[in-house]
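The listed protein sequences correspond, in order, to chains A and B. Note that this note's numbering has the first sequence beginning at 1, numbered continuously upward. Note that this note's numbering has the second sequence beginning at 476, numbered continuously upward.
Treat each hint with caution, since some may be false.
Simulated crosslink set (DSS-like; lysine-lysine; CA at most 30 Å straight-line) [said to hold, decoys possible]:
#1 A:K428 x B:K580
#2 A:K363 x B:K500
#3 B:K497 x A:K428
Residues of chain A clear of chain B, computed beta-carbon distances all greater than 10 Å [what the hints assert, rightly or not]:
#4 L7
#5 L47
#6 L61
#7 Y66
#8 P139
#9 K152
#10 D439
#11 I447
#12 L448
#13 E464
#14 G472
No lab work stands behind these hints, which were simulated from the structure alone. Note that beta-carbon positions come from the ideal geometry of N, C-alpha and C, so glycine has one too.
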Amino acid sequence: MNFSDILTMRHELMLTLLALVVLIIDLNLHNRNKHLIIPVTLVLFFLHTVVGFLPAEKSILFGGMYRTNSLLVMMKNILNIGVLIILLQSVTWLKKEENREKISEYFVLLFSTLIGMDFMISSGDFLMFYLGLELATIPVAALAAYTHHNTKSAEAGIKLLLSSALSSGILLFGISLIYGSTGSIYYDTVMDMYQNSPMQVMAFIFFFTGMAFKISLVPFHLWTADVYEGAPINVTSYLSVISKGAAAFILIIVMFTVFNKLAPVYNHILYLISVLTMTIGNLFALRQKNMKRFLAFSSIAQAGFILLGILGGNVLGMTSVIYFVLVYIFSNLGAFGVVSAIQTVTGKESMDDYDGLYATNPKLSLLMMLALFSLAGIPPVAGFFGKFFLFASAASAGYYWLVFIAVLNATVSLYYYLLVVKAMFINKNETPLAYFKSDLATRTGLILSGLGIFILGFWSQIYEVINSLSFGIIH
Amino acid sequence: MSILNLFIIIPILTVVGIVLTKDLKQSRLVSAIGMGVQMLLSFVLVYLYLRERATGNTAAMLFTYDALWFPTLNIHYSLGVDGISVAMIALTGIVVFAGIFASWKVTYLPREFFISLIILASGVFGFFISVDLFTMFLFYELAVIPMYLLIGIWGSGPKEYSAMKLTLMLMAGSAMLMVGILGIYFFSSPDHSHLTFNLLEISKIRIPIEMQRFLFPFTFVGFGILGALFPFHTWSPDGHASAPTAVSMLHAGVLMKLGGYGAFRVAIFLMPEAAHEQAWIFLILTSISVVYGAFSAAVQNDLKYINAYSSVSHCGLVLFAVLMMNQTAMNGAIVQMISHGLMTALFFALIGMIYGRTHTRIIQEMGGLMKVIPFLGVVYVIAGLASLGLPGFSGFVAEMIIFTGAFQHVDVFHRVITIVAASSIVITAVYILRVVGLLLMGPIKNDHFLHLDDAKWYERISTITLVLAITAIGVAPFWLTNMINFSLAPIVEKLSAIQITSLF
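Just chain A, with the same shape it has in the complex (with noise of 0.2 Å):
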């Protein structure tokens, strides 16, 4: 390896390298000053990500197991900004007594998931895929027990842990059957090889399959609700965001590229799941007071906006995709960071609990107000764009009828979305939560996730580059 490689995969070579720094830091820190590790890691992600951004050529390395582009390495920048929007509101809750003991299990468990996303995104073939897969998923399954003491935070590791485990079952053994009828788990390969038989299109849906557990598609939803409610906030967030990001971009790369000659087969089967995802996950939203179970089953409905984008099928859906990813990790960290908040100050997730906040803490119901907007696709902020090309890409490839259905079951989410608004704004109460004010780090995050779900929308560079970039892998 030379240094050009190593710059390459400087995505994955730095976090492993501040995984390690965070375990020996801790192994020197007196337990008094356990806290110190919190701002020493968030100053080194902060570079992390800055250096991510430094340009990248397009490279293969270990024999095509490995392969980058610019569009990956965005990708996986944008993972990193979602990572560190999350641990900016994590800060508060970190410092809490009982976690002092395990702050960089945290750090070291959340860099490891993303060294498997940033490896899953990069991979060239099933393997590497599947192990950045696995390094991904088992990981979270300890960070959503990580408040072990918590009953349901127990419930929700396991639960987690084995509903990942079937699902990665499904999906090697769809991975096995794809190298028995190519002879080869490289993505070009197998790519050139596809001839749509009985046994490859059999292979594909055990693949699918799989990925829809990750990225929580109904009818593989189930996991979903009880693990977010159950994990802590903040790892909850993650999982939505992150993790339901991270799973879509590899979902896409794999759509477009190896089972592309697929199309005429998968599309029925993703209009279905589409229809079934929006439809099912809004209706079970509709009815959920606690807020993280009510924005988990949003988010499910959410996922099904993103099949949209892949059944359009041309660079116009990957793009849409990308950026509807991006614009869904600021407004959903919005959503989140505003729970979180509240959750970590005053123990209270209900959405009773929110009756006439704005009277108290205007600033964050604003935000929450926003972040709410931009997941229904309200304008101007920057959802109503995300969900536009979405549903335009979708358009493009013919399916007017989907498109209909998909934007009557955004009006319905903005239903739930405005019950929020409306507890927030409308209802009256007598006792409504007291004021506080969030600490730097906080509230950091929280104008961060602000601050991009007001200008990703307007600024429409970031779509031109994206496009741009995507042009260059379909082409």
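Model the placement of chain B on the given structure of chain A, informed by the hints.
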């Protein structure tokens, strides 16, 4: 830089200004100044437009401004106005200005109120100056969403229910619209090479007839929901009744016109063949709107419901006239939009002022108000007479032109449906005179009403502005119709060039 950009910039500056204010006094002053400037600007625009036309500029859109926004999808931030949009902008300017003065006494969260109101207004202004379907749609949704907060927070009665119903129904409308717009976009170029959202460019090509048949109902109903098309009008009475005064004014006065304007500018203009084919379905629906709305208004006892149903009836007439698709009727449609916008805004302003004094909106509980609040009483009668189409006011001009135009069709179907719709004139007279009689004449039923104050100065500003505008159009309609006609001519020409045999 085109003058049109100012219509976006001024509201933004006003909102920033309100954010910096501290209390009701400051925020209403900033809003009044901002929207006053906006109104003057819209008058300046009318003047500039007429001058430009007088010098012989025959371009379809004037004062155009174009900036490429999303190059991949060829989305432009593209502005431009013709006679029709200039008229609508002037209407919006007047109604918003009057609305600010009608909400002079909003004490609960005043800053938030005015900010939401101005965001709503900027959405409407943006909609009327957009030439690009994408920005048009963006502004359309921008105008809808503040309604939820405005009704939900500052409304009265079952406000949460009404706010949610209104928002969801309008958003379902925009769902249909989204399909329509995307469909138009992907067929905006015969060989799919230069797709565009630009209205004028799309109007030059012919969208395949099969696609038109599919997309026209989506687009028309999408806008029609906002224009209170039967059976999708149910959000309107509840929404208007629960909304605070200024919001009812803006909503019935201007926002519902987005529906009529869009149905005409986007649905019919871009898909004329399908419009000809399917017009009969929507003509039946709109004439139901017209008659049913008028009948419903006649049996209501709540002032706001009466006016809300009367809006359904009048806005139905706009869509009815647009669907007649000839020069005269469409001209009438635009005049009706302006006229109804002013009239209904005046009505809602007056209802708000009366309610603020009597604390009831049930007409049976009131009576003889003319004796105690003569100013408001007289203005109410003026609004009523304008609404039932008395010559000298704008309502007469509009209805006259519409029914003349509609009767120009020689076939039986159009004749019959015109007669049916025209029957609403009589019913309108019934409910207007009923209200005027019960509300203003007769004995005073409640001693408490003997001590009511007449209109304050800010209320007079609000009402007089509107009355002046109504009378101006009633006395000198040629001013307005000339402006509209010039821009309408090419559109009608395009429509009449089509030879499609419809069912009727």
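Evaluated hints:
Taking the CA atoms of A:K428 and B:K580, the gap is about 22 Å. The hint holds against a cut of 30 Å. The hinted pair formed by A:K363 and B:K500 meets the criterion: a straight-line CA distance of about 23 Å does not exceed 30 Å. Among the hinted pairs, B:K497 with A:K428 is consistent with the structure: their alpha-carbon atoms are about 23 Å apart, no more than 30 Å. With a closest Cβ-Cβ approach of about 30 Å to chain B, A:L7 is found to remain outside the 10 Å limit, as its non-interface label requires.
With a least CB separation of 33 Å from chain B, A:L47 remains clear of the 10 Å interface cut-off, as annotated. Against chain B, the non-interface label of A:L61 holds: every CB pair exceeds 10 Å, the least being about 31 Å. Residue placement check: A:Y66 keeps its beta carbon more than 10 Å from all beta carbons of chain B (closest about 30 Å). At roughly 38 Å from the closest C-beta of chain B, the C-beta of A:P139 stays outside 10 Å, upholding its exclusion from the interface.
The claim that A:K152 lies off the interface holds: its Cβ sits roughly 32 Å from the closest Cβ of chain B, which is beyond the 10 Å cut-off. Every Cβ of chain B is farther than 10 Å from the Cβ of A:D439; the closest lies at roughly 25 Å, confirming the non-interface assignment. Distance check for A:I447 against chain B: the nearest CB is about 17 Å away, which clears 10 Å, and the non-interface claim stands. With a least beta-carbon separation of about 21 Å from chain B, A:L448 lies farther than 10 Å from that chain, consistent with its non-interface assignment.
Non-interface call for A:E464 relative to chain B: violated, since the shortest CB-CB distance, roughly 6 Å, does not exceed 10 Å. With a least CB separation of 14 Å from chain B, A:G472 remains clear of the 10 Å interface cut-off, as annotated.
Consistency note: the structure conflicts with earlier hint 13 alone.
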